[in-house]
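Quick note, the sequences are listed as chains E and G, same order. Just so we're aligned, residue 11 is where the first sequence starts under this note's numbering, counting upward by one. Just so we're aligned, residue 11 is where the second sequence starts under this note's numbering, counting upward by one.
If you're looking for bench data, these hints aren't it; they were derived computationally from the structure. It is possible that some hints are incorrect.
[Claimed, not checked] Example chain G residues on the side facing chain E (calculated, C-beta under 10 Å, incomplete): (1) 39; (2) 48; (3) 54; (4) 67; (5) 68; (6) 71; (7) 76; (8) 112; (9) 114; (10) 134; (11) 162; (12) 270; (13) 271; (14) 338; (15) 348.
[Unchecked claim] Coverage of chain E stretches by chain G, computed from C-beta distances (three or more under 8 Å per stretch; other residues unrestricted): (16) 67-75; (17) 106-118; (18) 193-201; (19) 264-272; (20) 356-367.
Yeah, the Cβ is synthetic: ideal placement off N, Cα and C, and Gly gets one too.
There are 2 protein chains.
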Amino acid sequence: MLKSPNQKMLNSRKAELEARLENFRALDFQLNMARGQPSPEQLDLARSILALPNQDQYHSKDGIDCRNYGGIDGLPEMKQLFGGILDCPQKNIIISNNSSLSMMHDAVMRAYIWGVSENERPWREQGTIRFLCPSPGYDRHFSISELFGFEMLPVEMGEMGPNMDQVEALTRDSSVKGIWCVPRYSNPTGVTYGDSTIKRLAKMEAASDFRVFWDNAYAEHHLVDHPMHLTNILEACASNNNPDRVLMFASTSKISFAGSGIAAMGGSLNNITKARSYISARTIGPDKINQLRHLHFFKDLDGLRSHMKAHARLLKPKFDLVDEILHCELDGKQIASWSKPKGGYFINLDVPDGCAREIIDLAAELGLILTPAGSSFPHSLDPKDRNIRISPTFPELDQIRQAIEILAVCVELVAIRNQLNHRLDK
Amino acid sequence: MLKSPNQKMLNSRKAELEARLENFRALDFQLNMARGQPSPEQLDLARSILALPNQDQYHSKDGIDCRNYGGIDGLPEMKQLFGGILDCPQKNIIISNNSSLSMMHDAVMRAYIWGVSENERPWREQGTIRFLCPSPGYDRHFSISELFGFEMLPVEMGEMGPNMDQVEALTRDSSVKGIWCVPRYSNPTGVTYGDSTIKRLAKMEAASDFRVFWDNAYAEHHLVDHPMHLTNILEACASNNNPDRVLMFASTSKISFAGSGIAAMGGSLNNITKARSYISARTIGPDKINQLRHLHFFKDLDGLRSHMKAHARLLKPKFDLVDEILHCELDGKQIASWSKPKGGYFINLDVPDGCAREIIDLAAELGLILTPAGSSFPHSLDPKDRNIRISPTFPELDQIRQAIEILAVCVELVAIRNQLNHRLDK
Numbered sequence: 011m012l013k014s015p016n017q018k019m020l021n022s023r024k025a026e027l028e029a030r031l032e033n034f035r036a037l038d039f040q041l042n043m044a045r046g047q048p049s050p051e052q053l054d055l056a057r058s059i060l061a062l063p064n065q066d067q068y069h070s071k072d073g074i075d076c077r078n079y080g081g082i083d084g085l086p087e088m089k090q091l092f093g094g095i096l097d098c099p100q101k102n103i104i105i106s107n108n109s110s111l112s113m114m115h116d117a118v119m120r121a122y123i124w125g126v127s128e129n130e131r132p133w134r135e136q137g138t139i140r141f142l143c144p145s146p147g148y149d150r151h152f153s154i155s156e157l158f159g160f161e162m163l164p165v166e167m168g169e170m171g172p173n174m175d176q177v178e179a180l181t182r183d184s185s186v187k188g189i190w191c192v193p194r195y196s197n198p199t200g201v202t203y204g205d206s207t208i209k210r211l212a213k214m215e216a217a218s219d220f221r222v223f224w225d226n227a228y229a230e231h232h233l234v235d236h237p238m239h240l241t242n243i244l245e246a247c248a249s250n251n252n253p254d255r256v257l258m259f260a261s262t263s264k265i266s267f268a269g270s271g272i273a274a275m276g277g278s279l280n281n282i283t284k285a286r287s288y289i290s291a292r293t294i295g296p297d298k299i300n301q302l303r304h305l306h307f308f309k310d311l312d313g314l315r316s317h318m319k320a321h322a323r324l325l326k327p328k329f330d331l332v333d334e335i336l337h338c339e340l341d342g343k344q345i346a347s348w349s350k351p352k353g354g355y356f357i358n359l360d361v362p363d364g365c366a367r368e369i370i371d372l373a374a375e376l377g378l379i380l381t382p383a384g385s386s387f388p389h390s391l392d393p394k395d396r397n398i399r400i401s402p403t404f405p406e407l408d409q410i411r412q413a414i415e416i417l418a419v420c421v422e423l424v425a426i427r428n429q430l431n432h433r434l435d436k
Numbered sequence: 011m012l013k014s015p016n017q018k019m020l021n022s023r024k025a026e027l028e029a030r031l032e033n034f035r036a037l038d039f040q041l042n043m044a045r046g047q048p049s050p051e052q053l054d055l056a057r058s059i060l061a062l063p064n065q066d067q068y069h070s071k072d073g074i075d076c077r078n079y080g081g082i083d084g085l086p087e088m089k090q091l092f093g094g095i096l097d098c099p100q101k102n103i104i105i106s107n108n109s110s111l112s113m114m115h116d117a118v119m120r121a122y123i124w125g126v127s128e129n130e131r132p133w134r135e136q137g138t139i140r141f142l143c144p145s146p147g148y149d150r151h152f153s154i155s156e157l158f159g160f161e162m163l164p165v166e167m168g169e170m171g172p173n174m175d176q177v178e179a180l181t182r183d184s185s186v187k188g189i190w191c192v193p194r195y196s197n198p199t200g201v202t203y204g205d206s207t208i209k210r211l212a213k214m215e216a217a218s219d220f221r222v223f224w225d226n227a228y229a230e231h232h233l234v235d236h237p238m239h240l241t242n243i244l245e246a247c248a249s250n251n252n253p254d255r256v257l258m259f260a261s262t263s264k265i266s267f268a269g270s271g272i273a274a275m276g277g278s279l280n281n282i283t284k285a286r287s288y289i290s291a292r293t294i295g296p297d298k299i300n301q302l303r304h305l306h307f308f309k310d311l312d313g314l315r316s317h318m319k320a321h322a323r324l325l326k327p328k329f330d331l332v333d334e335i336l337h338c339e340l341d342g343k344q345i346a347s348w349s350k351p352k353g354g355y356f357i358n359l360d361v362p363d364g365c366a367r368e369i370i371d372l373a374a375e376l377g378l379i380l381t382p383a384g385s386s387f388p389h390s391l392d393p394k395d396r397n398i399r400i401s402p403t404f405p406e407l408d409q410i411r412q413a414i415e416i417l418a419v420c421v422e423l424v425a426i427r428n429q430l431n432h433r434l435d436k
C-alpha cells in the first residue's frame with residue numbers, strides 16, 4: 011500500500027506521540043481531576059472559621075441565641091449578605107443549610123407535588139414535563155431533571171449563554187417548565203450570560219408555571235479584577251410582567267468550605283413566601299451557628315469579595331498554566347479549541363468530533379482521571395463526542411503541568427489515529 | 011334561686027380562685043412555654059463545640075479533609091455513634107444535616123413520588139393514602155401528613171404506646187401506609203413503647219409499602235439512672251419477615267444545639283441503599299465539619315451519655331417542681347391527671363373534657379403562653395378538648411413555679427365554672 015506524504019508525516023508524528031505516551035506511562039502519574047473541587051490552599055484561606063464563632067459569641071445582631079431552635083429562613087444579616095451576592099433585597103432571600111443543589115431539588119420537588127402556586131396545577135398532573143438543558147452544562151442539574159422523569163431538551167450554548175432562538179421556540183410549548191442556567195462562568199463553558207440573553211429569558215413567551223433555575227454558583231468567583239456586569243434577572247422578569255419566573259440560587263461552597271458552607275435562594279416575594287411555607291413543614295430551621303460562623307469571618311460583602319480575591323490569586327496561575335500548555339502543545343494543529351474563562355471552576359476543551367471518549371479513556375490509562383465523557387450533556391450523551399471538562403482548581407501547579415501535557419498528547423494522538431483510520435476507511 | 015350547699019362551696023372556691031387570678035394579673039407575668047426548647051444552661055453544657063473542631067483539626071479518622079466535598083452519607087465514626095443511639099449497625103445509618111424532621115419529610119416525599127422500592131407503586135398513584143396518628147402526638151408529624159394530603163387516622167395512646175388493637179385493625183386496610191411513633195418518652199405523653207407493642211408493630215398485617223416512622227427523638231434523654239429497655243424494632247421487623255417496615259430517626263438537636271446538631275436515619279440495607287441513591291441526586295453531602303465538631307466533643311457513645319446525665323441534672327428539678335406544684339394545687343380534686351415521665355421534654359396534663367382550650371386561653375391572658383389547644387392531635391382538633399402539653403425545659407425554676415401555679419388555678423377555675431354552668435343548664 012502506497013502512503014501519501016501527508017500520511018507519512020501523520021504516522022511519524024503518531025510514533026513520536028506514542029513514545030511520549032510510553033514515557034508518561036513510566037511516570038506512574040495519578041491524578042483525579044473529575045470534579046471541580048477547591049484545593050487545600052483555598053480551604054486554608056478560611057481556616058479560622060474552624061474555631062468560630064467561639065464559645066462566647068452565639069448571639070445574632072438582634073440578640074437571638076443561635077444555639078436554640080427557630081429562624082426558618084435565616085438570620086437577617088445572612089440574608090443581607092446573600093442579597094448582595096444575588097443582587098436582590100434581603101426580604102427576597104431564604105437561607106438554608108450547606109447545599110444550593112438541595113434547594114434546587116426541593117424547588118423542583120415542590121412544583122412537582124404541589125405546583126408553583128395556588129393557581130397552578132402540580133407538574134405531576136400535567137403529563138410529560140420538559141426542561142431545557144443548555145449543553146454542555148452541569149451534570150447535577152440534568153440528574154435532577156432525570157430523577158423527576160422530565161424530558162430533557164438540549165439547547166446549544168453560545169458565547170452569550172444559551173441559544174435564545176432555540177429557547178424561545180421551545181418555550182412556546184407549555185409542557186416546557188424550566189431551564190437550568192449557570193449565568194456567570196457557566197459550568198463548564200465559562201460563559202457569562204449577556205444582557206440580551208437575560209432580557210429575552212425574562213420576556214419570552216412561556217408557561218405561567220415555567221421557571222428559570224438561576225444557579226449563580228460562581229457569582230463571586232472571578233479571575234479578573236473587573237468582572238463583566240450581570241443583568242439583574244429578577245428585575246428584568248418583574249419589568250416584563252413575569253415577576254415569578256426566576257428562582258435564584260447561590261452558596262458559599264466554593265467561598266468558605268465545600269460542603270460546610272451556607273446556601274440561599276432568592277426570588278419574588280410570591281415565590282419566597284410560598285417556598286417558606288413548605289420549608290416550615292420540613293424543618294424547624296437551618297443551622298444558625300454556621301451562619302454566625304460565616305458572618306463573623308466575612309463581616310460583610312466587601313469582606314467576602316476581598317476573600318475571593320485571595321482565591322483568585324491561587325486559581326489564576328492554574329488556569330493560566332492550563333492555557334499555556336494547551337497553546338504550546340496544540341496551537342496551529344486545528345484539532346482543539348478551549349475556553350479562557352474570566353472566572354468559575356472549569357476550562358472547556360473541544361476536540362475533534364468522535365474523539366472525546368477515547369481521549370478521556372486514554373488519559374485514564376495514564377493515571378489522569380477526567381470528568382467522564384458526556385457528563386456535561388443530558389443522559390451523559392455528548393452528541394458529537396467532542397467535549398472535555400478540565401477542572402484545574404484542585405491540583406498543584408506541577409501536577410497540572412504534567413496532567414495537561416498528558417491530556418494534550420492524548421488529544422493529538424487520538425485525533426491522528428482517527429484521521430488515519432478515516433483514510434483507511436476511504 | 012336556691013343554691014345547694016355544694017354549689018355554695020363551689021361559688022366560694024371560685025371567688026377565692028378569682029382573687030388569686032387577679033393577683034397573678036397584677037404580676038405582669040410573661041412566659042412562653044409553647045415549645046420544647048432546651049434552656050440556655052443546657053446549651054452551655056456544649057459550649058465548647060462553638061470553638062471546634064479548631065483550625066488544625068479538619069481530618070476524619072480516615073484522613074479525609076472534611077472541608078472539601080464528598081461523603082454522601084456521613085463519616086464512618088458518626089455513623090457508628092448513631093448506630094449506638096439507634097441500636098443498629100453502622101452500615102444501616104445515613105447521616106444528614108441538622109434536622110431529623112427533614113429526613114422524615116424527605117422519606118415521605120420519596121415514597122410519595124417514587125414509591126418505597128422498585129416493586130411498589132408511588133403513593134401518589136394509589137388514591138387516598140392514610141397515616142396512623144397516635145394521639146396525643148407530635149404536631150409536626152401530623153403537619154407532614156397533612157402537607158401530602160394524607161388522611162390522618164387518630165389512634166389512642168396508652169401506657170405502653172398506641173392502642174395496638176386499633177392499629178392492627180386499621181392496617182388491614184392497604185391504603186394505610188404509615189404510623190408516626192416517638193417510641194421513647196413520647197411527645198407529649200412521656201410513654202415508652204412496651205415490648206409487646208413493638209413486636210406487634212413488627213408482626214402485624216399491613217401493606218407491603220407500609221412504614222413505621224420511628225422518631226426516636228428522645229433516645230438518650232433520660233431523667234432516671236436506669237432507663238427502661240427499648241425493644242429493637244429493626245430486629246423485630248427482620249425476624250417477622252418485614253425487614254423493610256421501619257425507618258428510624260434521631261438527632262442531637264436536644265443533645266448539643268437545637269438547630270445546629272446532627273441528624274440520622276437508620277433502617278434495613280434495602281431502605282438505606284434506596285434512600286442514599288435519591289439523596290445523592292439532591293446533595294453532594296452533609297456538613298462533615300459539623301460531624302467532626304460533634305465527634306471531637308462527645309468522643310463516643312459513652313461521652314454522649316455522660317453529657318446527657320448533665321442535661322438530666324438540669325432538667326429533673328424542673329420536672330419535679332411541676333409535679334410538686336400540680337400535686338399541691340390539684341390533688342384530691344378529681345379534675346386533673348398528669349404524667350410523670352422518666353425522660354423526654356414534656357408533661358402531659360389532662361383536664362376535664364371541654365376545658366383545655368378555655369384554660370389555655372385564660373393562662374394566656376395572664377401572660378403564660380402554653381402549646382396551643384389541640385396541637386397534639388391531627389388537624390389540631392382535640393376531640394375531648396382536654397389535653398394540655400407542659401414544656402418545663404426552657405424556663406428557670408422560679409418561672410416554672412409561678413407558671414404552674416397560674417396554670418393550676420386556671421385549671422381549677424375553669425373546671426368549677428364549667429361545673430356551675432352545667433348545673434345552670436340542667
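Task: Proximity test - 8 Å, beta-carbon atoms, the segment 356-367 of chain E to chain G, at least three hits - done: violated (count 0)
- [ ] Tell me if residue 162 (chain G) is really an interface residue toward chain E, meaning its C-beta lies closer than 10 Å to one of theirs.
- [x] The hint is violated - residue 162 (chain G) has no Cβ within 10 Å of chain E, the shortest such distance being about 14 Å.
- [ ] Between the segment 67-75 of chain E and chain G, see if three or more residues pass the 8 Å beta-carbon test, and mark the coverage as holds or violated.
- [x] holds (count 3)
Task: Supplied contact hint for residue 76 (chain G), tested at 10 Å Cβ to chain E - done: holds, 7 Å
- [ ] Return the status of the interface hint for residue 348 (chain G): holds when the least beta-carbon distance to chain E is below 10 Å, violated otherwise.
- [x] violated, 25 Å
TODO: Report holds or violated for the interface hint on residue 338 (chain G), using the least CB-CB distance to chain E and a cut-off of 10 Å.
DONE: violated, 31 Å
- [ ] Grab the minimum C-beta distance from residue 39 (chain G) to chain E and call the hint holds if it beats 10 Å, violated otherwise.
- [x] At about 21 Å, which exceeds the 10 Å cut-off, the nearest Cβ of chain E leaves the hint on residue 39 (chain G) violated.
Task: Interface hint compliance - residue 114 (chain G) to chain E, C-beta minimum distance less than 10 Å - done: holds, 9 Å
- [ ] Go through the hint on residue 271 (chain G) and say holds or violated, using the shortest Cβ distance to chain E against 10 Å.
- [x] Cβ of residue 271 (chain G) sits 9 Å from chain E, so the hint holds.
Task: Minimum beta-carbon distance criterion (10 Å), residue 67 (chain G) to chain E - done: At about 7 Å, which falls below the 10 Å cut-off, the nearest Cβ of chain E leaves the hint on residue 67 (chain G) intact, so it holds.
Open item on the list: Quick check: do three or more residues in the segment 264-272 of chain E have a beta carbon closer than 8 Å to a beta carbon of chain G?
Closed with: holds (count 4)
Open item on the list: Let's test the interface hint: is any C-beta of chain E closer than 10 Å to that of residue 54 (chain G)?
Closed with: Holds, because the Cβ-Cβ distance from residue 54 (chain G) to chain E comes to roughly 9 Å (cut-off 10 Å).
Taken one by one, the earlier hints fail for this structure at numbers 1, 6, 11, 14, 15, 18 and 20, listed in ascending order.
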